[in-house]
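*Asks:* Can you build the whole structure from these sequences, using the hints too?
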Amino acid sequence: MAQSSIATTGFVIPPGQDPVSVFEKHRAELLRSRLVMNITLIVLFLALLIVSVIISRFYPERLWNGLPRIFEYFGTVMPSLEADKLFEGRAENGKAVPGSLLFWYSDIGKYVRLLFETILMAITATMLGVALAFVLSFPAARNLALTRWSNILARRTAEVFRGVPEIVIALVLVFAVGIGPLAGVIAIAIHTAGALGKLFSEVNENASMRPVEGVRSVGGNWFAEMRFGVVPQVLPNFVSYALLRFEINVRASSIVGFVGAGGIGQELNHTISFYNDDRVMAVLILIVLLVTTIDLISERVRTRLIGRENLI
Amino acid sequence: MLEITQLTKAFGPNKAVDNITLSVPQGQMVGVIGRSGAGKSTLLRMVNRLAEPTDGKILFGGREVTALRGRALYAWRAECAMVFQQFNLVGRMSVINNVLMGRIFHHGFATAMLQIFGPEERALAIRALDRLGMAHTALQRAETLSGGQMQRVAIARALVQQPKLMLADEPIASLDPLNAKVVMDALRTINREDGITVLANLHTLDTARTYCDRIVGLMEGRVVFDGTPDQLTDRQAREIYGAEADDAFSEGVTSTSLRPAQPVRALEGAE
Numbered sequence: 050m051a052q053s054s055i056a057t058t059g060f061v062i063p064p065g066q067d068p069v070s071v072f073e074k075h076r077a078e079l080l081r082s083r084l085v086m087n088i089t090l091i092v093l094f095l096a097l098l099i100v101s102v103i104i105s106r107f108y109p110e111r112l113w114n115g116l117p118r119i120f121e122y123f124g125t126v127m128p129s130l131e132a133d134k135l136f137e138g139r140a141e142n143g144k145a146v147p148g149s150l151l152f153w154y155s156d157i158g159k160y161v162r163l164l165f166e167t168i169l170m171a172i173t174a175t176m177l178g179v180a181l182a183f184v185l186s187f188p189a190a191r192n193l194a195l196t197r198w199s200n201i202l203a204r205r206t207a208e209v210f211r212g213v214p215e216i217v218i219a220l221v222l223v224f225a226v227g228i229g230p231l232a233g234v235i236a237i238a239i240h241t242a243g244a245l246g247k248l249f250s251e252v253n254e255n256a257s258m259r260p261v262e263g264v265r266s267v268g269g270n271w272f273a274e275m276r277f278g279v280v281p282q283v284l285p286n287f288v289s290y291a292l293l294r295f296e297i298n299v300r301a302s303s304i305v306g307f308v309g310a311g312g313i314g315q316e317l318n319h320t321i322s323f324y325n326d327d328r329v330m331a332v333l334i335l336i337v338l339l340v341t342t343i344d345l346i347s348e349r350v351r352t353r354l355i356g357r358e359n360l361i
Numbered sequence: 071m072l073e074i075t076q077l078t079k080a081f082g083p084n085k086a087v088d089n090i091t092l093s094v095p096q097g098q099m100v101g102v103i104g105r106s107g108a109g110k111s112t113l114l115r116m117v118n119r120l121a122e123p124t125d126g127k128i129l130f131g132g133r134e135v136t137a138l139r140g141r142a143l144y145a146w147r148a149e150c151a152m153v154f155q156q157f158n159l160v161g162r163m164s165v166i167n168n169v170l171m172g173r174i175f176h177h178g179f180a181t182a183m184l185q186i187f188g189p190e191e192r193a194l195a196i197r198a199l200d201r202l203g204m205a206h207t208a209l210q211r212a213e214t215l216s217g218g219q220m221q222r223v224a225i226a227r228a229l230v231q232q233p234k235l236m237l238a239d240e241p242i243a244s245l246d247p248l249n250a251k252v253v254m255d256a257l258r259t260i261n262r263e264d265g266i267t268v269l270a271n272l273h274t275l276d277t278a279r280t281y282c283d284r285i286v287g288l289m290e291g292r293v294v295f296d297g298t299p300d301q302l303t304d305r306q307a308r309e310i311y312g313a314e315a316d317d318a319f320s321e322g323v324t325s326t327s328l329r330p331a332q333p334v335r336a337l338e339g340a341e
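In the order they appear, the protein sequences are chains A and B. Counting in this note's numbering, the first sequence runs from 50 upward without gaps. Counting in this note's numbering, the second sequence runs from 71 upward without gaps.
To be clear, the hints were calculated from the coordinates, so they are not data collected in a lab.
Restricting the straight-line Cα-Cα distance to at most 20 Å, the calculated cross-link-like pairs of lysine to aspartate or glutamate (EDC-like) are: (1) B:Lys-251 with B:Asp-276; (2) A:Lys-159 with A:Asp-326; (3) A:Lys-74 with B:Asp-200; (4) B:Lys-251 with B:Asp-283; (5) B:Lys-234 with B:Asp-283; (6) A:Lys-74 with B:Glu-190; (7) A:Lys-74 with B:Glu-191; (8) B:Lys-251 with B:Glu-263; (9) A:Lys-134 with A:Asp-327.
This one's a predicted model, so the numbers in the text were calculated from it and none came from an experiment.
*Replies:* And the structure:
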């Protein structure tokens, strides 16, 4: 929008005239021409906003009336713990006592195994996705692509990869490769490649071209230019984005289980559809704990990496 | 009066600036010379506190610059303008708004964030630009300008700060000779007409000789020469730049100034 006005922003100060008044005249002209555009945009924006509110029926009273029902649901999945029995072990008949923590978390072994599987899925998917995104990011960067067609191809590929929600890819893959974590890992990896490919390529586009020119000037080919001109500049950013994606993927891998693609989501789906009792809450708490822990650790690592310049 | 006392800046075991004591009267134009890495930039950057000294004091008009904090520090930076080698303009912003940045200290949060400047301030900025022959570019984006033009805009930005002291860190190192002359002439004029003290790091000796009242030579963070251009002998210059005694050393080699072409000496014996 602003690009078009550049050509007209220069002006001439006739000799003998006061530069301030000449400037003020041109400034007023420029402001007038922008005013029309700005008002049009604001009106358009408001009109679209009103239409969206009406279509989505985003009315405050609906939200207000629905609010209590949220708590109602949580009421049904709350555990019934009793203070005096809280830490009681198994009774003589080998069964847990109702009202104890052990009773609530009697399936803890299964949960832990699935949580572990969830983390492994996230790690594998992130690694695969990052590798693919790395490869895509260089041709997908406008300033680095060798040809226009490789640029378009890389960009469209990344778009398709991130355009399809991972749960949809997972659903298709479960059909193809069967129930289990493999489908989930591939689904998340594909989505990761698309999302990170876009972010990585933007980092590449902001990289300084001077080192690239330096490598070119000594006779390096395109791969040498990328490896030594670009990668050292962008790597800290790549690592930071990859870790951020890992956090997102932990959440994603606890969801894809809903369609049978492995991880703790499988168990959450199971408890919701078969029991709908305090076991739902038990699994939910574990998922929240897992995601929060991973987020905290990953954030620490990221802030440490950002300041470091000697990363290769 | 700028008084620097026993100023030191250490990066680990290395002392970039080592115990420098210097006193600059108001209105003087000082050229700081020395090899790259001699501590010229660090010295200048400490004066407006872009770099923190490890030890020592800087006083300006009796005020202890090195002890300033918070708003008082911002006030000092507003008063002590800086011109950079790479201009440090905001490329995607218009020239006039870049220049008006020089007034930002005098604004509250809201008017600063929304870039609301009054007509008097705009007039001040345009007059500063006009002094440097750049008023006609006021509404363009800064990134559309050439290097020499950008440096002139940067000086205009420094001017609207209405500073008492102007620091110039290699202001002409990235410019061609003609633009270098325009920029140095501008600094000299500002120094003469407005009585602003100018402290400039210069990478060529002859520029320092041509424009400055006083030359300070630095070597490994210490002052090794302090005097008028006339007092700076070839031998001393050699010492400042650390040239070996028998190395060929000629000011003309590094010169970026424009001078009339030397008449070619007639060949001996030719009629």
